[in-house]
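Asker: Chains as they are written, first to last, in UniProt numbering: chain S, 1 to 407; chain V, 1 to 407.
Just so you know, these hints were derived from the structure itself, not from any lab.
No residue lacks a Cβ here, since even glycine has one placed at the ideal position from N, Cα and C.
Treat each hint with caution, since some may be false.
What the hints assert, rightly or not - DSSO-like, lysine-lysine: derived pairs with alpha carbons at most 27 Å apart:
#1 V:K47 / S:K47
#2 S:K59 / V:K138
#3 S:K75 / V:K291
#4 S:K18 / S:K29
#5 V:K28 / S:K75
#6 V:K291 / S:K28
#7 S:K59 / V:K59
#8 V:K194 / S:K59
#9 S:K28 / V:K27
#10 S:K252 / V:K18
#11 V:K75 / S:K59
#12 S:K18 / S:K252
#13 V:K194 / V:K138
#14 V:K59 / S:K291
#15 S:K59 / V:K28
#16 V:K59 / S:K75
#17 S:K75 / V:K158
Claimed, not checked - Sample of chain V residues lacking proximity to chain S, with all beta carbon distances greater than 10 Å (derived):
#18 H86
#19 M107
#20 V302
#21 G310
#22 L374
As the list claims (entries may be wrong) - Residues of chain S clear of chain V, computed beta-carbon distances all greater than 12 Å:
#23 K28
#24 A108
#25 T141
#26 E155
#27 R182
#28 Y286
#29 A289
#30 G310
#31 W337
#32 S378
Protein chains: 2
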Amino acid sequence: MLQISQRGLAMPPSPIRKLVPFAEAAKKKGIRVYHLNIGQPDIETPKAMLDAVRNADFKVLEYSHSAGNESYRRKLTEYYEKVGIHVNHNQIIVTTGGSEAIQFGFMACLDPGDEVIIPEPFYANYNGFAVAAGVVVKPITSYIENGFALPPIEEFEKAITPRTKAIVICNPNNPTGYLYSREEMEVLKQIILKHQLFLFADEAYREFCYTGEHFSAMQLEGVDDHVVLMDTISKRYSACGARIGALVTRNKSLLDAVMKFAQARLSPPGFAQIAAEAAVDLPDTYFDATKAEYLLRRDTLVNRLNAMEGVFCPNPGGAFYAIARLPIDDADKFCQWLLEDFSYKDQTVMLAPATGFYGTAGLGKNEVRLAYVLNVESINAAMDCLEQALFTYANEINVSVSDTKHV
Amino acid sequence: MLQISQRGLAMPPSPIRKLVPFAEAAKKKGIRVYHLNIGQPDIETPKAMLDAVRNADFKVLEYSHSAGNESYRRKLTEYYEKVGIHVNHNQIIVTTGGSEAIQFGFMACLDPGDEVIIPEPFYANYNGFAVAAGVVVKPITSYIENGFALPPIEEFEKAITPRTKAIVICNPNNPTGYLYSREEMEVLKQIILKHQLFLFADEAYREFCYTGEHFSAMQLEGVDDHVVLMDTISKRYSACGARIGALVTRNKSLLDAVMKFAQARLSPPGFAQIAAEAAVDLPDTYFDATKAEYLLRRDTLVNRLNAMEGVFCPNPGGAFYAIARLPIDDADKFCQWLLEDFSYKDQTVMLAPATGFYGTAGLGKNEVRLAYVLNVESINAAMDCLEQALFTYANEINVSVSDTKHV
Chain S
1 MLQISQRGLA MPPSPIRKLV PFAEAAKKKG IRVYHLNIGQ PDIETPKAML DAVRNADFKV
61 LEYSHSAGNE SYRRKLTEYY EKVGIHVNHN QIIVTTGGSE AIQFGFMACL DPGDEVIIPE
121 PFYANYNGFA VAAGVVVKPI TSYIENGFAL PPIEEFEKAI TPRTKAIVIC NPNNPTGYLY
181 SREEMEVLKQ IILKHQLFLF ADEAYREFCY TGEHFSAMQL EGVDDHVVLM DTISKRYSAC
241 GARIGALVTR NKSLLDAVMK FAQARLSPPG FAQIAAEAAV DLPDTYFDAT KAEYLLRRDT
301 LVNRLNAMEG VFCPNPGGAF YAIARLPIDD ADKFCQWLLE DFSYKDQTVM LAPATGFYGT
361 AGLGKNEVRL AYVLNVESIN AAMDCLEQAL FTYANEINVS VSDTKHV
Chain V
1 MLQISQRGLA MPPSPIRKLV PFAEAAKKKG IRVYHLNIGQ PDIETPKAML DAVRNADFKV
61 LEYSHSAGNE SYRRKLTEYY EKVGIHVNHN QIIVTTGGSE AIQFGFMACL DPGDEVIIPE
121 PFYANYNGFA VAAGVVVKPI TSYIENGFAL PPIEEFEKAI TPRTKAIVIC NPNNPTGYLY
181 SREEMEVLKQ IILKHQLFLF ADEAYREFCY TGEHFSAMQL EGVDDHVVLM DTISKRYSAC
241 GARIGALVTR NKSLLDAVMK FAQARLSPPG FAQIAAEAAV DLPDTYFDAT KAEYLLRRDT
301 LVNRLNAMEG VFCPNPGGAF YAIARLPIDD ADKFCQWLLE DFSYKDQTVM LAPATGFYGT
361 AGLGKNEVRL AYVLNVESIN AAMDCLEQAL FTYANEINVS VSDTKHV
């Protein structure tokens with residue numbers, strides 16, 4: 001029998017995108033949908049990046065170096081220097097989005113059956129990359145009550161087995177928005193040193209920290225061989241479609257191994273490397289405006305959420321996500337209901353059920369992730385919808401569900 | 001001990017790129033190196049493609065659909081229709097280069113330990129993608145004497161085991177330039193039907209056929225669920241750096257599985273999809289000039305090679321590669337020597353040792369692959385170098401090697 005692979009069957013669908021058909025159906029009914037479900041910012045991509053591509057003068061769109069154009073890698077070292085990360089251009093391998101950096105890291109550091117520890121809730125696609133690489137994700141739970149802070153060291157110790165090879169830390173965090181402190185990073189350093197683990201640091205949202213300075217895993221001392229930075233320009237410059245990221249490490253054997261994976265796929269995208277190189281020359285003030293805008297959005301969103309009855313949303317320290325606990329029975333059902341059966345003034349809101357971000361089954365059932373990637377006016381309109389929806393849901397749906405249970 | 005993965009160690013380096021440091025050293029000495037080692041054409045990327053990107057009007061470079069922009073996929077069906085492949089846009093998943101299409105196919109159709117049969121010599125990166133996916137490549141040998149025609153059906157039967165899940169066919173072939181006939185494709189159809197295998201068809205060079213019409217695996221009847229087309233615009237439009245390919249199949253379960261891998265990495269490159277969409281509207285005459293140019297180059301190269309003493313090069317029916325047998329002892333050594341120790345009028349030529357294209361150790365030791373991606377003048381200059389080099393090598397190197405053996 002002709003069959004697809006077990007791996008293909010086991011591959012998880014995107015929990016963020018699975019409600020898309022319901023959103024499309026809502027739009028066809030004339031309902032405006034506010035997309036707080038996905039990290040696609042409405043911030044304009046810097047014109048200097050687009051202009052660099054428009055004005056690029058070449059006749060043949062050739063393969064670049066498999067590690068990315070040397071000129072771009074050299075330029076990137078200037079960017080990293082500015083954020084306190086000291087690396088040279090040979091310690092950078094340009095990837096096709098942050099996604100490929102994660103894939104390369106998993107492939108080059110872990111073998112099938114090896115385990116990677118990730119605080120949950122976590123970026124759902126780590127699951128997909130783990131399945132592709134045959135790697136086992138071991139979640140350790142962080143909790144909404146303390147804003148999803150790093151779980152205590154004992155929880156890591158309990159999860160570690162002889163197959164454990166790495167820890168993934170996303171800082172600031174997607175989906176929780178939690179900003180790990182320097183102290184928490186030092187705790188991770190002790191763990192990786194004691195157990196000889198890799199530390200995969202996904203710092204896609206480095207630029208967006210509101211409650212403190214970002215402390216990069218690359219700034220930890222004495223763990224040069226352990227730390228692998230998985231980076232991307234997607235969020236930094238609102239250039240998600242560019243598909244330009246980077247794997248950065250000072251571990252020479254790892255760089256050699258990753259380079260072989262990079263050579264196999266020939267090169268990262270050409271046009272976008274031009275845009276990415278131009279981005280490094282944006283004025284230092286560029287991030288000020290973006291960050292101020294996200295801060296305003298965060299405050300609007302979090303205040304509105306916490307003002308709703310029965311809703312709790314910890315104030316995120318970074319990124320542009322928040323996880324809120326809602327007075328609902330089932331986040332998947334609720335998010336689908338918002339699109340399928342609800343509207344307020346011909347509008348509704350699309351959220352990501354938090355269940356998709358937990359590795360442990362059953363967690364996150366009354367939580368949703370909200371991406372504050374829309375302007376304040378839209379966020380307020382979306383919150384008006386959510387407030388009304390929770391009221392309707394409590395009176396019509398939750399009640400009838402409870403009634404049914406008692407029949 | 002902190003160690004990279006066994007997979008990372010097992011990953012093969014690119015045999016095409018491993019001589020690059022020697023080429024760079026030669027250039028530093030002031031020697032001009034003719035690059036016949038790599039399939040990077042000097043043909044200009046169509047201006048209409050570059051202009052489409054230059055003139056694209058958008059403010060935010062957003063993620064595209066994970067399967068690629070719908071407008072591009074719809075446009076691509078027009079292209080496929082023209083070349084006799086009838087598919088709809090939902091049967092196309094746009095990938096990051098043909099490389100990702102191959103990776104997706106391996107991942108979604110084969111599990112670790114499964115086997116894939118590939119006629120050798122074959123495109124070396126299949127090895128890399130196989131290692132990444134934990135898949136075992138079973139080579140069956142094709143021979144220079146008959147121009148690398150499809151091995152007889154018995155050879156396939158001998159190689160098939162219960163773990164065999166797929167056959168890869170690259171048509172026209174890289175590295176041999178062999179153009180598989182419709183009859184040969186029908187033979188493959190019988191094998192995949194009898195043994196319920198997938199047929200992965202890498203048709204990157206479809207446009208460049210000189211001795212007959214291209215017959216696509218997608219044109220085979222009654223094997224819709226078996227055939228997976230792995231395509232790319234890299235060579236078709238001389239746009240290798242775009243990193244736009246496609247996985248095309250009529251197998252619905254496979255499309256669903258591949259879509260999950262596509263969602264995990266979010267989307268293919270944005271700028272380049274705009275260029276690729278514009279390419280479909282190039283006039284039908286576009287390929288005439290390119291094909292005529294490649295034909296002239298092929299004839300120049302093959303005639304020059306066969307005029308050299310002790311050299312045999314079968315006339316390739318397609319693509320822009322040829323494999324030649326040279327009067328040498330060790331192709332790897334010879335190709336390195338060309339860069340390290342030889343020059344003729346301050347020029348030399350870079351070739352790819354054929355050993356890297358064979359799965360069976362020891363084969364291809366007196367063969368090299370030549371990519372006729374440079375203009376006729378450069379090809380002639382490169383052939384002048386090679387002719388002189390073979391003469392020098394025979395008199396100085398081979399002889400001394402033989403002498404040493406007799407000591």
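Asker: Would you mind marking each hint as holding or not holding in the structure?
Answerer: Here is how each hint holds up against the structure:
1. V:K47 / S:K47: At roughly 22 Å apart (the allowed maximum being 27 Å), S:K47 and V:K47 satisfy the hint.
2. S:K59 / V:K138: 40 Å, violated
3. S:K75 / V:K291: With a Cα-Cα distance of about 39 Å, the restraint between S:K75 and V:K291 is violated, given a limit of 27 Å.
4. S:K18 / S:K29: Holds, at about 19 Å.
5. V:K28 / S:K75: Measuring from Cα to Cα gives roughly 24 Å; hence the hint holds.
6. V:K291 / S:K28: 47 Å, violated
7. S:K59 / V:K59: Holds: S:K59 and V:K59 sit about 25 Å apart, inside 27 Å.
8. V:K194 / S:K59: Violated - the C-alpha atoms of S:K59 and V:K194 are around 48 Å apart, more than 27 Å.
9. S:K28 / V:K27: 61 Å, violated
10. S:K252 / V:K18: 18 Å, holds
11. V:K75 / S:K59: Within the cut-off at roughly 24 Å; holds.
12. S:K18 / S:K252: 40 Å, violated
13. V:K194 / V:K138: The given pair, whose Cα atoms are some 18 Å apart, holds under the 27 Å limit.
14. V:K59 / S:K291: 19 Å, holds
15. S:K59 / V:K28: 25 Å, holds
16. V:K59 / S:K75: 24 Å, holds
17. S:K75 / V:K158: Since the Cα atoms of S:K75 and V:K158 sit roughly 54 Å apart, the hinted pair is violated (cutoff 27 Å).
18. H86: Nearest chain S Cβ is 21 Å from V:H86, so the label holds.
19. M107: Answer for V:M107: violated, closest chain S Cβ roughly 6 Å.
20. V302: Given a closest Cβ separation of 24 Å, the condition holds.
21. G310: Holds, because the least Cβ-Cβ distance between V:G310 and chain S comes to about 33 Å, which exceeds 10 Å.
22. L374: 12 Å, holds
23. K28: Non-interface label on S:K28 holds, nearest chain V Cβ at 15 Å vs cutoff 12 Å.
24. A108: 4 Å, violated
25. T141: 23 Å, holds
26. E155: 22 Å, holds
27. R182: 23 Å, holds
28. Y286: 15 Å, holds
29. A289: 15 Å, holds
30. G310: 33 Å, holds
31. W337: 23 Å, holds
32. S378: Label holds. Min Cβ-Cβ 14 Å, cutoff 12 Å.
This entry does not satisfy hints 2, 3, 6, 8, 9, 12, 17, 19, 24, going by the numbered hints stated previously.
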